[in-house]
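Listed below, chain by chain, are the residues.
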Amino acid sequence: KAGVTQTPRYLIKTRGQQVTLSCSPISGHRSVSWYQQTPGQGLQFLFEYFSETQRNKGNFPGRFSGRQFSNSRSEMNVSTLELGDSALYLCASSGGLAGTDTQYFGPGTRLTVL
Amino acid sequence: AQSVTQLDSQVPVFEEAPVELRCNYSSSVSVYLFWYVQYPNQGLQLLLKYLSGSTLVKGINGFEAEFNKSQTSFHLRKPSVHISDTAEYFCAVSDRGSQGNLIFGKGTKLSVKP
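These protein sequence lines map, in sequence, to chains A and H.
The opening position of the first sequence corresponds to residue 1 in our numbering, with each subsequent residue numbered one higher.
The opening position of the second sequence corresponds to residue 1 in our numbering, with each subsequent residue numbered one higher.
Note that these hints are calculated values from the structure, not bench results.
Using N, Cα and C, we set each Cβ at its ideal position, and we do this for glycine too.
A few of these clues could be false.
What the hints assert, rightly or not - Calculated pairs, DMTMM-like style, for lysine to aspartate or glutamate (alpha carbon to alpha carbon, straight line, at most 25 Å):
1. LYS113(H) / GLU88(H)
2. LYS113(H) / ASP95(H)
3. LYS13(A) / GLU82(A)
4. LYS106(H) / ASP101(A)
5. LYS57(A) / ASP95(H)
6. LYS69(H) / ASP95(H)
7. LYS109(H) / GLU82(A)
8. LYS113(H) / GLU16(H)
9. LYS69(H) / GLU20(H)
10. LYS58(H) / GLU82(A)
11. LYS106(H) / GLU52(A)
12. LYS58(H) / GLU16(H)
13. LYS106(H) / ASP85(H)
14. LYS69(H) / ASP101(A)
15. LYS106(H) / GLU82(A)
16. LYS69(H) / ASP8(H)
17. LYS58(H) / GLU15(H)
18. LYS113(H) / ASP8(H)
19. LYS49(H) / ASP101(A)
20. LYS57(A) / ASP85(A)
21. LYS58(H) / ASP85(H)
22. LYS69(H) / GLU15(H)
Unchecked claim - Rough simulated footprint, nothing fancy, chain A against chain H, three-plus residues with beta-carbon under 8 Å:
23. 46-58
24. 101-112
Unchecked claim - Which residues of chain A face chain H? A few of them, derived with a C-beta cut under 8 Å, are:
25. SER27
26. SER31
27. LEU43
28. PHE50
29. ARG55
30. GLY96
31. GLY106
32. PRO107
Sequences and hints are given; from them, build the entire structure.
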């Protein structure tokens with residue numbers, strides 16, 4: 001089975017721009033979660049989608065948004081980029097039907113905001 | 001709110017020595033507990049998880065962890081480390097009522113020296 005894939009792997013943007021990141025979950029998985037990883041704040045939960053609906057949301061401003069498609073692929077969008085948005089963005093997929101499901105992580109997209 | 005504390009940000013150890021990476025969580029409710037490993041420029045890989053039952057959990061690559069409810073701890077151990085174990089290790093917790101939302105500790109960088 002193919003693992004979680006994220007595109008692009010690296011991205012450079014300037015302040016004020018917007019960016020869209022993509023995540024393809026493991027086949028059959030219906031839940032996709034997004035996390036931001038920075039040296040200062042560590043790993044922080046952004047949001048989780050299950051069957052095209054946002055099921056959980058972390059404590060991030062509204063500039064961070066996401067969506068999930070009928071094939072479970074998910075996109076994350078960040079508008080009006082700030083320098084502090086520079087981070088590794090990880091997505092994880094799971095079956096999503098039980099809290100015991102393991103989350104499988106992708107390799108991440110490294111976003112640099114200049 | 002849930003929180004996870006990894007007591008050591010860096011742990012240097014010599015090859016073939018034992019190692020313990022400490023993790024404490026704060027919760028008054030039942031939780032699931034996880035240890036993930038992250039190699040440079042990669043995503044997170046699950047080492048092991050505690051859902052219920054036996055408090056000693058065995059994972060991949062010879063790692064094990066012990067769940068201690070009274071001390072709210074979930075320390076990770078390996079009796080003999082290898083150079084290839086050099087990586088960053090993350091402890092995470094999720095509420096039993098929550099799905100797709102992991103709360104991570106700040107991570108512990110394990111450095112194995114020859």
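Hints, one by one, checked against the model:
1. LYS113(H) / GLU88(H): holds, 15 Å
2. LYS113(H) / ASP95(H): violated, 37 Å
3. LYS13(A) / GLU82(A): Holds. LYS13(A) to GLU82(A) sits at ~10 Å (cutoff 25 Å).
4. LYS106(H) / ASP101(A): Holds, at roughly 22 Å.
5. LYS57(A) / ASP95(H): Holds, at roughly 14 Å.
6. LYS69(H) / ASP95(H): holds, 14 Å
7. LYS109(H) / GLU82(A): violated, 28 Å
8. LYS113(H) / GLU16(H): holds, 9 Å
9. LYS69(H) / GLU20(H): holds, 18 Å
10. LYS58(H) / GLU82(A): violated, 42 Å
11. LYS106(H) / GLU52(A): With Cα atoms ~30 Å apart, LYS106(H) and GLU52(A) exceed 25 Å; violated.
12. LYS58(H) / GLU16(H): OK: LYS58(H) and GLU16(H) at ~19 Å, within 25 Å.
13. LYS106(H) / ASP85(H): holds, 18 Å
14. LYS69(H) / ASP101(A): holds, 21 Å
15. LYS106(H) / GLU82(A): holds, 23 Å
16. LYS69(H) / ASP8(H): holds, 20 Å
17. LYS58(H) / GLU15(H): Cα-Cα ~21 Å, so holds.
18. LYS113(H) / ASP8(H): holds, 17 Å
19. LYS49(H) / ASP101(A): holds, 10 Å
20. LYS57(A) / ASP85(A): Judged against 25 Å, a Cα distance of about 17 Å means the pair holds.
21. LYS58(H) / ASP85(H): Status holds; Cα separation ~16 Å.
22. LYS69(H) / GLU15(H): Since the Cα atoms of LYS69(H) and GLU15(H) sit roughly 31 Å apart, the hinted pair is violated (cutoff 25 Å).
23. 46-58: holds (count 3)
24. 101-112: That given contact holds, which follows from 7 residues of the region 101-112 of chain H lying within Cβ reach (below 8 Å) of chain A.
25. SER27: This hint is violated: SER27(A) lies away from chain H, its Cβ roughly 17 Å from the closest one there, beyond 8 Å.
26. SER31: holds, 5 Å
27. LEU43: With a minimum Cβ separation of about 4 Å from chain H (threshold 8 Å), the hint on LEU43(A) holds.
28. PHE50: Holds. Min distance 7 Å.
29. ARG55: holds, 6 Å
30. GLY96: Status holds, d = 6 Å.
31. GLY106: holds, 5 Å
32. PRO107: With a minimum Cβ separation of about 5 Å from chain H (threshold 8 Å), the hint on PRO107(A) holds.
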